[in-house]
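Undergrad: Next come the chains, spelled out residue by residue.
There are 4 protein chains.
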Amino acid sequence: MTLQTLTQNGPAIRPAQREEQRGPRLRGIAVIGLGYWGPNWVRNLYQMQCAQRLVCCDFSRQRLEHIKALYPAVETTSQTDDVLRDPDIEAVIIATPVSTHFDIARRALMAGKSALIEKPLATSACEASQLVALARERELTLMVGHTFEYSAPVLKIREIIQSGELGDIFYVSSVRANLGLFQRDVNVTWDLATHDISIILMLLGRMPLEVSCHGQSHYRKEVEDVAMLTLRFPNNVIAFVHVSWLDPNKIRRATIVGSRKMLVYDDTALQEKIRVYDKGVTMSPYYDTYGDFQMSYRYGDVHIPRIEEPEPLKVECEHFVDCIAKGASPRTDGQNGLRVVSVLEASERSLRNGGRFMPVIQGAID
Amino acid sequence: MTLQTLTQNGPAIRPAQREEQRGPRLRGIAVIGLGYWGPNWVRNLYQMQCAQRLVCCDFSRQRLEHIKALYPAVETTSQTDDVLRDPDIEAVIIATPVSTHFDIARRALMAGKSALIEKPLATSACEASQLVALARERELTLMVGHTFEYSAPVLKIREIIQSGELGDIFYVSSVRANLGLFQRDVNVTWDLATHDISIILMLLGRMPLEVSCHGQSHYRKEVEDVAMLTLRFPNNVIAFVHVSWLDPNKIRRATIVGSRKMLVYDDTALQEKIRVYDKGVTMSPYYDTYGDFQMSYRYGDVHIPRIEEPEPLKVECEHFVDCIAKGASPRTDGQNGLRVVSVLEASERSLRNGGRFMPVIQGAID
Amino acid sequence: MTLQTLTQNGPAIRPAQREEQRGPRLRGIAVIGLGYWGPNWVRNLYQMQCAQRLVCCDFSRQRLEHIKALYPAVETTSQTDDVLRDPDIEAVIIATPVSTHFDIARRALMAGKSALIEKPLATSACEASQLVALARERELTLMVGHTFEYSAPVLKIREIIQSGELGDIFYVSSVRANLGLFQRDVNVTWDLATHDISIILMLLGRMPLEVSCHGQSHYRKEVEDVAMLTLRFPNNVIAFVHVSWLDPNKIRRATIVGSRKMLVYDDTALQEKIRVYDKGVTMSPYYDTYGDFQMSYRYGDVHIPRIEEPEPLKVECEHFVDCIAKGASPRTDGQNGLRVVSVLEASERSLRNGGRFMPVIQGAID
Amino acid sequence: MTLQTLTQNGPAIRPAQREEQRGPRLRGIAVIGLGYWGPNWVRNLYQMQCAQRLVCCDFSRQRLEHIKALYPAVETTSQTDDVLRDPDIEAVIIATPVSTHFDIARRALMAGKSALIEKPLATSACEASQLVALARERELTLMVGHTFEYSAPVLKIREIIQSGELGDIFYVSSVRANLGLFQRDVNVTWDLATHDISIILMLLGRMPLEVSCHGQSHYRKEVEDVAMLTLRFPNNVIAFVHVSWLDPNKIRRATIVGSRKMLVYDDTALQEKIRVYDKGVTMSPYYDTYGDFQMSYRYGDVHIPRIEEPEPLKVECEHFVDCIAKGASPRTDGQNGLRVVSVLEASERSLRNGGRFMPVIQGAID
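The listed protein sequences correspond, in order, to chains A, B, C and D. Residues in the first sequence are numbered from 1 upward in steps of one, following the working numbering. Residues in the second sequence are numbered from 1 upward in steps of one, following the working numbering. Residues in the third sequence are numbered from 1 upward in steps of one, following the working numbering. Residues in the fourth sequence are numbered from 1 upward in steps of one, following the working numbering.
What the hints contain is simulated information worked out from the structure, not anything from laboratory work. Treat the hints loosely; a few may be bogus.
As the list claims (entries may be wrong) - Each computed EDC-like pair below joins lysine to aspartate or glutamate, with the alpha-carbon atoms no more than 16 Å apart:
#, chain 1, residue 1, chain 2, residue 2
1, D, K156, D, E65
2, B, K250, B, D278
3, C, K156, C, E308
4, B, K250, A, E309
5, A, K156, A, E309
6, D, K156, A, E272
7, C, K250, A, D333
8, A, K156, D, D266
9, A, K250, C, E272
10, C, K156, B, D267
Construct the entire structure; sequences and hints are all you get.
TA: Listed below in structure tokens is the structure:
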């Protein structure tokens, strides 16, 4: 079955009469990969009605049928080429296994289509750079799916940090753990730490100088299922990232310690994801004659800001379509994706070299 | 005021008529150092009535008066030498700053007194070894105050591990954090990680091969207030220890992941300190023709064993007195203290060498 | 627009080729009322594909359009009569305001359609009895939407109670609170306590003898927004139900105390909804000569059974369709709905009579 | 052994040289009853050194010996009369079973001694009134041990309410539950609800008009081990108090709902006992032409004020001694104790009359 045929079956996913208000802004958009994450993209695109045609692509006929049953108006195909050759398709969302990101994204960009690629952007800084260059050359939108950079709590934390409320940031300690899901082609750092790195880079607004990574694999050779990353930033800022596919509890928790206040972000909390602690250490401005160490602790109130939480994926989805329509650069553009991949790559080198600190390519940043 | 005088004032801390049942087993015991931890020793010794005389020693007259007001029957002195010269004093408990442990302990042992030294035993493996040798030579009891090795939850966890319920241990991830208390003479690893190392060594029953440590100091030069240790054990067992004096929450939490089950130990919980999760990954026994990766997850019940919790310090206290009386070797003897110091020393070397893994002297173990 | 027209627009919601496996078992089903709860029914029916036609009915054109956009294959109408006159529609799900339940349900049954009515079944035992009689007369399936009786944790609790693990049940204390949503036509007991009563009746397997209710309205006259019910059962079993629309936290928590063990059910917990405490009081079998009161406490382990949780609404939905197809009586049949309404009615009488205990009509039970 | 003898043994519990600063303000004070609560009083009095002599009185020689071992400087006796006849004893603290409160307190007041009586003050309003009258007549300090009225969190909540931050109080819902300890002579309302009533009266600053109580006994006839009280106050304010000796968890939790904000007080929390929710319902000032119900919900931040927590018993202890010394009336004076007993008495009447609301004697208030 070709897309041609599919198009005849499928009605436009948005009725015409609403076009004036916020109408479908794209002729067509495709989601490639209907595994774990892809269906969430389909659901959002379907409900947003941002394109006249929505095409879903996966090798598995079963996945296609499942999606078709849920969203009858979508078109389906098992051939990526059908999507890439279809002139109506202006943009693709790539939610395939990590190892295939580069190839599919490159071909999509070559075919003149904007691309949103699930995190991580690629498996190496070299690949990521090529995608960045290609998108720039072709004047296409290239976006990476760093979902948390669109989530309300993370945006709120950035706002709090930028307001100076926390003072100077001393360190970040982040944990992302659960039981499974093991990835088939990458280890736990490329799977889980990607999020922490993306969040930390966004919050600190800078690249780490060097990265160390220790890890261990218990089930598949060289596919670490537990790891600990240490990132050193300028000004003695340090960040620890602990990731595991083997933890009995689902943990998504970051502690951000500043010179004035401290903040804890727990993404598994239903309601109170951010807690700001008015706690800290107060240094006295001088040391007395006996060289005494003057320090006291400040304990204070805790404040839990209310956060309105739209689904991050929806925000991300709208941002992608909006950037394509306006030709604007997404917040999580290719450069952003490249930065995170650069850190992961340095981390991987460290992991293969006994945990030694490895420099992060700073040139990766604009 | 000499101890002689004090003795005349102070009545025996236990009335004679009870002597038959479990009477005071020592003529005299002294607590040196009445800062943060010392008073807890005094309270326990006082209530246990294990010695005919209980002497408290501190430089600060104010601390001595405070203790005297709480426990009128104790004797007080500001001179360590008073204690060491007193022939009635059979044992001393040393709860002074870490940097003084070695000197006071050495002098106590030389004076023929048994010694319990607060953790860590000393500031180097070299010092610790000397204390071990000295105690052996003089046939005196040398004990280190690794309190957690006497705590009911840790003992329960050891029992669970030894029963094989968790299967093979894959990794341990331990966090010990709070706001303050900064130590004056050692960094956060010597202060807090000592506990985690002592617990992990006890649970795993073996020494790590090598240790890496990353840390950062924010308030006092070279006195790290946050750190992350990675310990590599034989058989690919790995342990992470995260310690901080700068965390808004008090965290004492360890996750122990085994091949069969997983266990979480939260020492801040009032009631339910240990949770055993019947969760894990199940590998299929063979790989199929296509080399496919066969793995599934097992989710199951959670079990929270009831734990009777006597105060660990009391258990420790009784154990010390018992070992002196019987001439037995304590569970946390000098060797045990030396082992933990060896790990801390390797960690310190790593910290000063960019976090590189440093071997742990294996010879330290019996 | 008539249903006739709608039918022509709308394709069958399930493709023909699947009919063999579990095919659409009904010609048509309608959801009446698309407010808060109705759309959940539509979603489940849509995904289950249990009927060839799915019709949605609401006064509000806006709600209809919203549903149509999400589920293009549904038919919509703003006229209940369209639904009731349509010969294809074999069953209706009534998710309208409580005060309209009786009238719509009665007309649906009169029109020969099976009916599932959201809780509570009706606003009085009299009305509820009429529906029960009517359904029996017409041999139609009448079901009430007591969702929790289909939820995995509640079913698990019933299993635990029936196994005798808790011993004799002494009392149940249940809290259901949150901020909003105020109902327009009924007070908080008819809105929230319905669930607790339905659960308690199911778990205890018997009707209360009498009910007392205290409450207060703060925003709308005689529409209580906070209330406390006490239910007295045979054998001195007592149950307390506290409900509120004015609580800052969402609470769904029941404590079930038995002579052997105790159980806490927290429906807001993500993972560990049921905790079984091996705690209790042990009476000694005799009183000694001095009439002394011999009692001791048993503290033990906590056990958290793993519960697989399918969406209760889906289970409920399948059960409804199944009962219609087989002509079987649903687990939450009209009698069940009548029982809960009888308790609510007695509670209402108590509320209007200073909280005095009011007998519950026992005749209501089969 | 008479007190005379004891006095000769026991040294003054405070050395003379400190008398200038805050010296012992009483010649002698006695604690009668060394069961569950009495030893806490002894410990505080001992450490405060507020009297030259501290006498402990209990029938049980074993209890006396235990206390003597812990606090060698106390005097002990098994005869209440020894205490009451001793001219040095200016005040007694009565921590005996509830049924003995009245008799011992009456005799103490008759003997010219000030008295602090553990809650509840007496077993009836009649008895309580007599004590109040007697103390007034003899110009002695009469205080009741409503500990929570001296606890930092409760004082903080009163401050928050009085500031108007919560708006008008709508209702209070309080739960106090745990497993055991059963009292021998009173039911769970006199044991546990006393605290809630004392707190609620203090916070609301007024007496309830009427009280209803439902309860059930499972272990001892007519000694209810679980109960629910409803208190009706002027202005439609309502309070629910749920108490149980048969709950697997220790719960001490009160929710206070106001027209502007809501507050939750959890006394079992280690750190964050009070949470203020900026949540509420907003009524629009008018109803539109169609009589529509205009209401919306306000969700906002949560604020957790830091609370410094001295031991309430210590505060209470100092307050008692201070009041005796100054001849001032305690915050929790006899009237206060009488008010709480009046509510408990009405509750008891309700319990014995099928839960009917019983009026509370308003004359009990000054």
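Undergrad: Run through the hints listed earlier and report the numbers of any the structure violates, in increasing order.
TA: Those not satisfied are hints 1, 2, 4, 6, 7, 8, 10.
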